[in-house]
Amino acid sequence: MEQAVLGIFQWFWGLFGLWNPLWALIQPVWPLVWVLMKIVAIILPLMLCVAYLTFWERKIIGWMQVRIGPNRVGPWGLLQPIADGMKLFFKEVLVPTGANRALFFVGPVMAIAPALAAWAVVPFFEGGALADIDAGLFYVLAMTSMGIYGVIIAGWASNSKYPFLGAMRASAQMVSYEIAMGLALVTVLMISNSLNFSDIVRAQGRGWFADHGAGFLSWNWLPLLPMFVVYFISGVAETNRAPFDVVEGESEIVAGHMVEFSGMAFAMFFLAEYANMILVATLTSILFLGGWLSPVDFLPDGFHWLAAKISFFLFLFLWFRATFPRYRYDQIMRLGWKVFVPLTLVWIAVVGTWMVSPFNIFK
Amino acid sequence: MGTSDMAEIRNYTINFGPQHPAAHGVLRLVLELDGEVIVRADPHIGLLHRATEKLAETKTWLQTVPYLDRLDYVSMMCNEHAYCLAVEKLLGVEVPLRAQYIRVMMDEVTRILNHLLNIGTHALDIGAMTMVLYTFREREDLMDAYEAVSGARLHAAYYRPGGVYRDLPDRMPQYVENKFKNAETVRRLNEARQGSLLDFLEDFTKRFPAYVDEYETLLTDNRIWKQRTVGIGVVSPERALQLGFTGPMLRGSGIEWDLRKKQPYEVYDRMAFDVPVGVNGDCYDRYLVRIEEMRQANRIVRQCIDWLRHDSAKGAGPVITDNHKVAPPPREKMKASMEELIHHFKLFTEGMHVPPGEAYAAIEHPKGEFGVYAISDGGNKPYRIKLRSPGFPHLAATDEMAKGHMIADATAIIGTIDLVLGDTDR
Chain A
1 MEQAVLGIFQ WFWGLFGLWN PLWALIQPVW PLVWVLMKIV AIILPLMLCV
51 AYLTFWERKI IGWMQVRIGP NRVGPWGLLQ PIADGMKLFF KEVLVPTGAN
101 RALFFVGPVM AIAPALAAWA VVPFFEGGAL ADIDAGLFYV LAMTSMGIYG
151 VIIAGWASNS KYPFLGAMRA SAQMVSYEIA MGLALVTVLM ISNSLNFSDI
201 VRAQGRGWFA DHGAGFLSWN WLPLLPMFVV YFISGVAETN RAPFDVVEGE
251 SEIVAGHMVE FSGMAFAMFF LAEYANMILV ATLTSILFLG GWLSPVDFLP
301 DGFHWLAAKI SFFLFLFLWF RATFPRYRYD QIMRLGWKVF VPLTLVWIAV
351 VGTWMVSPFN IFK
Chain B
1 MGTSDMAEIR NYTINFGPQH PAAHGVLRLV LELDGEVIVR ADPHIGLLHR
51 ATEKLAETKT WLQTVPYLDR LDYVSMMCNE HAYCLAVEKL LGVEVPLRAQ
101 YIRVMMDEVT RILNHLLNIG THALDIGAMT MVLYTFRERE DLMDAYEAVS
151 GARLHAAYYR PGGVYRDLPD RMPQYVENKF KNAETVRRLN EARQGSLLDF
201 LEDFTKRFPA YVDEYETLLT DNRIWKQRTV GIGVVSPERA LQLGFTGPML
251 RGSGIEWDLR KKQPYEVYDR MAFDVPVGVN GDCYDRYLVR IEEMRQANRI
301 VRQCIDWLRH DSAKGAGPVI TDNHKVAPPP REKMKASMEE LIHHFKLFTE
351 GMHVPPGEAY AAIEHPKGEF GVYAISDGGN KPYRIKLRSP GFPHLAATDE
401 MAKGHMIADA TAIIGTIDLV LGDTDR
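Chains as they are written, first to last, in the numbering used here: chain A, 1 to 363; chain B, 1 to 426.
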């Protein structure tokens, strides 16, 4: 792909006869430029997806609630997220007098940075990752754990009561579900023998069912069904989405850690939340639903399959939000520690035994 | 180390409201917290105090009626009802049978309106935000019924001492096509609105049980809903009586007390309906009681419609008393007769004169017992009006109900109280 892009540049600038001087300038730093270009190629569509995810959330929940949803700005309301973004962009960022100024701005940055950084290792198609590193899964776990600090720092720096409560809830909840999530992933890496996302996907393309044309039955979701469910629910909790949205807890602590934020500082949290939603949906698709693999033999693999799977999980996020009441804080803790963690531990043992038994299907 | 060296440890105090998405209006609840656990809940009221009782003293008896609408602004006609009953008791006038049926029907429509709002917002407070939009869909239809009888969707001023303002309308207001509603939508919306109000309400009573089933599908057996409401804000039957609870709050605790059965007013003694009671006295039981009350209210509305139908001869008749010292004479008569003209003039300048005395009338308001205690000195204005709002004693029990629960439960408890500050503050 690198060669193809270079070719296009060469052709374009060659039209003006500028290619040679330009290349002399760029060649020494070309690897860096190439990486930057890839980053932009990931971040820009991601931000666009985030914007339109907010739109779709409002539309879908609107339909579920016998409403229309946004339909005023642009055709069918399609420019609504742009308008929202512009509004937030031009709003003043107010800093409360009692707030710690430095930490107050570190908070939102800490929230969004890991949410974007985690995308570095996500493969979108065969060989389509910014960094196809061997510790990919590990890296993602590390990055998503960092996001919690954004919430905690924001809640603490606001020096206000509701944000403080939100930060306390966040630190407990997100840390607990991190554990259930991590343990659920242990089973995945056990059976795929790798922490590399591309390898994990490829491993799902092998098996008796895949050989007989029904690849979707070879994916991890079936043998790891409880872990698949635990992972996705933990992901919902990890991103503080309904019914686990006690950190924001609209009817309890109003907006939790975001109470004192306005303008772009607030938008950062918002972007981070939705970027994390897409990330969890993507990871679930990659780890349990075979990423870019086609469910059946006669259709080609490709990014469109991943996109379809991601959309399905994102829809679930929205569906949950429109359907369920909110858990209470201690009930979330109970679900995490007393249900998910024991369940994952038992399943690790089960999978481990299974793997050394004669009935091992994971080779 | 002496105590002076130690940092003073105090409980965390937060202001829950008056500007809070779950505070139902302008309730200010000061919560003293130990971590997430509520140590003390201190409701502060008065932010919506409008001195209704005092205002009534400067208005004629009839002019007070619209002020009653604004007390509990989600069950308007029930407020008027208690007031009209008190005034009628003082006046000793008979209310025509048809008016009594209309009142009972509209009371039950109001009960459904109120419970729909309560269940919707209660669920919203607990995080199930879709409920509120579903219940408002049905409220819209009932609001149309309000509009049809009185001309106003909210503040009806429909009941008058001696009867109701006018007979039920023969046609329903229609939707019209506009930028947002195309011909197809308008046709669908108007389908049930082709006949009279009674036709419309009958159609509604047929549709409504299915809607209630829908709400129950979303909530009743929902694990999260149960976890959030079962065992929360438990009030024992004895305590409920001591605290002065009435209505669903009392019945949720298992005490079968309903003024419609115990002290029937209007034509409630002719109605067949059941009074649901709870067992555990928690938020969940009170929710179930309200759901069942909506179904029973639907039954009563249906019975009233059957009676009120013009084609059954017994349903016809006047809707307001013919005592023209209380209610104005018909316009044709006023134009033709000297006597009626004088009545008309006196009524619209001075208003009615109520004989000296005191009277208390209470009704089974959707939230509990709503009572009006009126004292007259024989003038055209009340000497004193005292309103007994059901929400006040319920709110006073917040501390007892919320103590030891978590912040999130405070919202569940406020929701279950069915709080409307207009009613509590008066």
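Incorrect hints may appear among the rest.
Unchecked claim - If you want the ones that stay clear, here's a sample from chain B, every Cβ over 10 Å from chain A, calculated:
id, residue
1, Tyr134
2, Arg153
3, Ala192
4, Asp221
5, Ser236
6, Ala272
As the list claims (entries may be wrong) - With a Cα cut of at most 30 Å, we get these calculated DSBU-like pairs of lysine-lysine:
id, chain 1, residue 1, chain 2, residue 2
7, B, Lys346, B, Lys403
8, B, Lys262, B, Lys333
9, B, Lys261, B, Lys59
10, B, Lys89, B, Lys59
11, B, Lys335, B, Lys54
12, B, Lys403, A, Lys87
13, B, Lys206, B, Lys262
14, B, Lys261, B, Lys89
15, B, Lys89, B, Lys262
16, B, Lys181, A, Lys87
17, B, Lys335, B, Lys403
18, A, Lys161, A, Lys91
19, B, Lys403, A, Lys338
20, B, Lys403, A, Lys161
21, B, Lys226, A, Lys338
FYI, nobody ran anything at the bench for these hints, they're computed from the structure.
Heads up, the beta-carbon is just placed ideally off N, CA and C, and yes, glycines get one too.
For each hint, the structure was consulted:
With a least beta-carbon separation of about 7 Å from chain A, Tyr134/B fails to lie farther than 10 Å from that chain, contradicting its non-interface assignment. With 10 Å as the threshold on Cβ separation, the claim that Arg153/B sits away from chain A holds: the shortest Cβ distance comes to roughly 19 Å. The claim that Ala192/B lies off the interface holds: its Cβ sits roughly 16 Å from the closest Cβ of chain A, which is beyond the 10 Å cut-off. Against chain A, the non-interface label of Asp221/B holds: every CB pair exceeds 10 Å, the least being about 12 Å.
The beta carbon of Ser236/B is kept farther than 10 Å from every beta carbon of chain A, the shortest such distance being approximately 23 Å. The claim that Ala272/B is not at the interface with chain A holds, since no C-beta of that chain comes within 10 Å of its own (minimum 33 Å). For the suggested pair Lys346/B and Lys403/B, the alpha carbons sit about 56 Å apart, so the restraint of at most 30 Å is broken. A threshold of 30 Å between alpha carbons decides the hint, and for Lys262/B with Lys333/B the separation of about 41 Å lies outside it, so the pair is violated.
Straight-line distance between C-alpha atoms of Lys261/B and Lys59/B comes to about 33 Å, which puts the hinted pair past the 30 Å bound. For the hint linking Lys89/B to Lys59/B, the alpha-carbon distance of about 19 Å falls within 30 Å, and the restraint holds. Between the alpha carbons of Lys335/B and Lys54/B the distance comes to roughly 37 Å, so the proposed pair goes past 30 Å and is violated. Taken as a hint, the Lys403/B and Lys87/A pair is broken in the structure, with Cα atoms around 42 Å apart against an allowance of 30 Å.
Among the hinted pairs, Lys206/B with Lys262/B is consistent with the structure: their alpha-carbon atoms are about 29 Å apart, no more than 30 Å. A C-alpha spacing of about 19 Å is found between Lys261/B and Lys89/B, which places the hinted pair at or below 30 Å, so the restraint holds. Of the pairs offered as hints, the one joining Lys89/B and Lys262/B holds, with about 18 Å between alpha carbons and a cut-off of 30 Å not exceeded. For the proposed pair Lys181/B and Lys87/A, the alpha carbon gap of about 29 Å is at most 30 Å, so the pair holds.
Between Lys335/B and Lys403/B the alpha-carbon distance is near 65 Å, which puts this suggested pair outside the 30 Å criterion. Between Lys161/A and Lys91/A the CA atoms are separated by roughly 24 Å; this keeps the pair inside 30 Å, and the hint holds. At roughly 26 Å between alpha-carbon atoms, Lys403/B and Lys338/A fall within 30 Å of each other, so this suggested pair holds. For a cut-off of 30 Å, the pair hint linking Lys403/B to Lys161/A stands: about 20 Å separates their Cα positions.
This hinted pair checks out: Lys226/B and Lys338/A have alpha carbons roughly 19 Å apart, not beyond 30 Å.
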